[in-house]
Amino acid sequence: MEAPPVSVMPVTGGAINMMEYLLQGSVLDQSLESLLHRLRGLCDDMEPESFADHELVYLLRGQQGNPFILRARRSLLQPTSPWHLRYLGQPEVGDKSRHALVRNCVDVAASHSLPDFLNEMGFRMDHEFAAKGHVFRKGQMKIVVSKLSRVLVPGNLENTEPLSLSYLVELSVLAPAGQDTVSEDMKSFAEQLKPLVHLEKIDPKRLM
Amino acid sequence: MGVTCVCQVPVAEGKSVQQTVDMLHKKLEQLGGVKQGNFWVDCETYHATANATGQQSKQLYVMHNSEAPLSCMALYEGGPHLTADANFDVLMVKLKSHFQNAKSHKVESRGARYRYCDFLVKVGTIAMSSSAKGISVEVEYCACVIPADCLNLIKEFMQSFLGSNAPEMPSNKTEGQLYTPVDCVDPMSQYLELFGKVRKQQVMTGSGVR
Amino acid sequence: MMSGGPAVRVSIESSSERQVQEVSLDGMETYVPPLSMSQNLAKLAQRIDFGQSSDSDEERTDRDTRDEWSTREAEEDDGTVKFQPSLWPWDSVRNNLRSALTEMCVLHDVLSVVKEKKYMALDPVSQDPNAAKTPQVFQLISKKRSLATAAQLLLKGAEKLTKSLAENQEQRRQRDFNSELLRLRSQWKLRKVGDKILGDLSYRSAGSLFPHQGTFEVIKNTDIDLDKKVPDDYCPLTVQIPSDLEGSAYIKVSIQKQSPDIGDLGTLNLFRRPPKAKPGSQMWHLRLEAAQNVLLCKEIFAQLSREAVQIKSQIPHIVVKNQIISHPFPGLQLSISLCHSAGEKKSQRASPDRIKPDDHLYVLEHNLHQLIREFHKQTLSSVTMPHPASAPFGHKRLRLAGPMGYDKAEISSWQHTEGLLEKIIKQAKHIFLRSRTARTIDSLASRIEDPQIQAHWSNINDLYESSVKVLITSQGYEQICKSIQLQLNIGVEQIRVVHRDGRVITLSHQEQELQDFLLSQMSQHQVHAVQQLAKVMGWHVLSFSNHVGLGPIESVGNASAITVASPNGEHAISVRNGPESGCKVLVQFPRSQAKELPKSDVVQDGKWSHLRGSYKEVHWGRMEGRNFVYKMELLMAALTPCS
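Protein chains in written order, with full-length UniProt numbering: chain S, 1 to 208; chain P, 1 to 210; chain F, 1 to 643.
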């Protein structure tokens, strides 16, 4: 008897060349409720879910060039769910007409041994923070409204301090490279949030 | 997922690798095993390019197993290991400036998969750069995850078709580990050890067995 | 009057009775001759001052008119001085009275105007000497004119008021619409597209993948005739439902023995009464619920038809128009049909058809609804939010598969899910098997009185499995004869019978198999009963066999037999009982009692006479007793010597 056929991706490979389309903005704590209310109305009919994550940013320094950055994130609410390891490339220079920031992105779900393993690979933790907030979905768009907090004692998530008096709002879409139409959708969605929050294409390099 | 034992079977005197494999297949079929498709296990080796910290760089092995088709296992010999999804391979491509893939070191084992009741037997040909270097036999007892509870059973079963070639117990197990449930990395680390052994044999014999 | 001396001396004397007409030069006074009676009266009458009045009400008007009066008085004074007797002494009186009447009439008018303060209020006005000259009539006319303008203003105001009242009503209706819309919004999904308000009936948000749009339109129904009476069930909000979702629908599931003509297929038209309106719920709500139900039924049917075409079975499923026919067991057909009545009239017309017995399986209809909702839930729960939040969307299981190293078997197990049709066919099979088992047992119980058969159905059962306990007993001997207790586990395709001793027999869905099995068990029961009875009566069992290899062959099962010996060993009873041949009872007597002792040359010794001799068959039918065991008891009792 032949083994049942498994129609999944080939062993080596994975999703190559995925792009993250991103718009960012922020909202003050006091207007959070109205933003959540608006999002609840606009987004898909799922119960809005709250989350609490812990993110560690790792750097691997080579002899030359910029350090290689990896972000490892775990859920505090669902401790059994896998870690999320993320590589984000440099923002594409691209044409100015694009409405969103576009960058290469590799998402890896990994087992809980990730921090040890990254250490073994030579990565060193640069900084860590806690993100708590709400996540919404509209089609393939993901809207994350999160409060970022500084971790005061390394590794201790009980003891955190908010970084600011506002919430970070991120609108993102994961799509294979070349699907620039998604940025149109993102723009029109961002328009609908307009007076509450202004989502913009923010180049992280400029902020550095 | 069950307790697994991987071992190498020497090529029979005066026979080729393929002939020895066929012999094993025949034995298994006589035993009542039923062929159930194929399997493969592969292993890629990465070298860290000059590390900033300057420490002795170890080799990173990234392995795949057809038995867990959505997973990708990354191991350090004797060190920590990571189980991730297939995107880890993509990440390794991104990391190529820091980790170099030693293409010539790619080892894989391919072969047939036999089922005999609760036992899953995989007889594979170990190949390095597409030349056969040896034979691997993996026996998995699917009904149990605690090694201590079934190792003797596996041993006895292996003796039934491997004779004296059957190993005492999985090479990677210490006394303490016998009582913890196995995970999907366990067979991989055994394969890794086996592949390392085959590689060393090749270095020693120079040309290797054919 | 005298004037003497330089000092002016005023002498006071009583007024003369007559007025002095003239004083002559010599001081002679000529008096006015005294007036005659009539002259005097006329004079007095002239003196009446019509200007004077005692009525306080007139005080204010007095002021207006005083000048007028005063001038007249002056005139009159003059008149008195140069009195000229008129032609008619009452002339002036009449004139004065007439003018007074006129004044009074005007006064009355003015008063009535003044009294009704709402039209006009009087205030002291600065005296205009010219105004005093204004003639009365002119004044009145001007007053009337201003009153008229005031009245006009008031009328205009009133008109405005009534207009705004009507507008208010209009607005209230509008408000009613808005409140209804709010209520609608709280229960249904609405969105605004252009100038239309569209709603969503579909179960998409609950996880349905049915492609039907399921949109309805909200219509404002406020332009009704204001003059006509508003009907009781008037609602400012109505909904427009897509025409294919109008009416009511349901899924009819039935199991039939023979297949009807192929020509009759797909024309099934049975309708149920439309549900009665619950008090307090809106018309639109009922309509939307009904339409949603139609949509769900259509989705179920579409899903079933799709599966019916895809799934391969030995006898292919047939999909014709609004009916799906499947053959769960040979000679049996399961029909699932979508009954949709487009309008209310049709449903009434169709009602006579309902006279024929309704073989609708409500349980299966209900289960279909449950299954589709489970199906919805499955699709919905598959898209969960990622944790950590940065992870991409996707199946939770797939996200776990990599890091957890799920193996092939596990991954492929996600991919196979049983469809709606397969599940419902399995359920139908089970329901059918269960009801037929019950019928088989019941018919056996009513046909065969001895032994008795009892069935105890368990109340709790699974969708695909239920069980019944079957006891075979003899009336009056329930306590001693309970050898046969069967547990029948009725599944989807087969019935598993578990004996009391743990033996398991699997029967197929064929009715005959179960019947034959029960018949053979009942026949065995009799022999078991004899065994039990023997124990109680102190008899010894010599031999016992459930399946006798000798004698005539039974068409159903095997005959069983037992031989028991009386306590003192003199008698023996041998019973053979077959499901078909019935029972045969033989009694063996001791040789000594045998009437015609076989003369044997070999067996001469007296001791041999204690051996049991020949068998004799008992005319069982003629035995007394209400059942087999009772008869047997009597027989045993008769053969047991009284000691």
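To be clear, the hints were calculated from the coordinates, so they are not data collected in a lab.
From a predicted model like this one, the values you see are computed outputs, not experimental measurements.
Errors might be hidden in some of the hints.
[As the list claims (entries may be wrong)] Straight line, CA to CA, 27 Å or less: simulated DSS-like cross-link-like pairs of lysine-lysine:
id : chain 1 : residue 1 : chain 2 : residue 2
1  : F       : K192      : S       : K187
2  : S       : K194      : F       : K396
3  : P       : K106      : P       : K94
4  : F       : K196      : S       : K194
5  : S       : K147      : F       : K396
Right, here's what the structure says about each hint:
Restraint check for F:K192 and S:K187: the C-alpha separation of about 20 Å stays at or below 27 Å, so the hint holds. About 33 Å separates the Cα atoms of S:K194 and F:K396, which puts this hinted pair outside 27 Å; it is violated. The straight-line distance between the Cα atoms of P:K106 and P:K94 is roughly 19 Å, inside the 27 Å bound, and the hint therefore holds. Our distance criterion of 27 Å between C-alpha atoms is met by F:K196 and S:K194, whose separation comes to about 24 Å.
Note on S:K147 and F:K396: the hinted pairing holds, with a Cα-Cα distance of about 25 Å set against a maximum of 27 Å.
In this structure, the one hint that does not hold is number 2.
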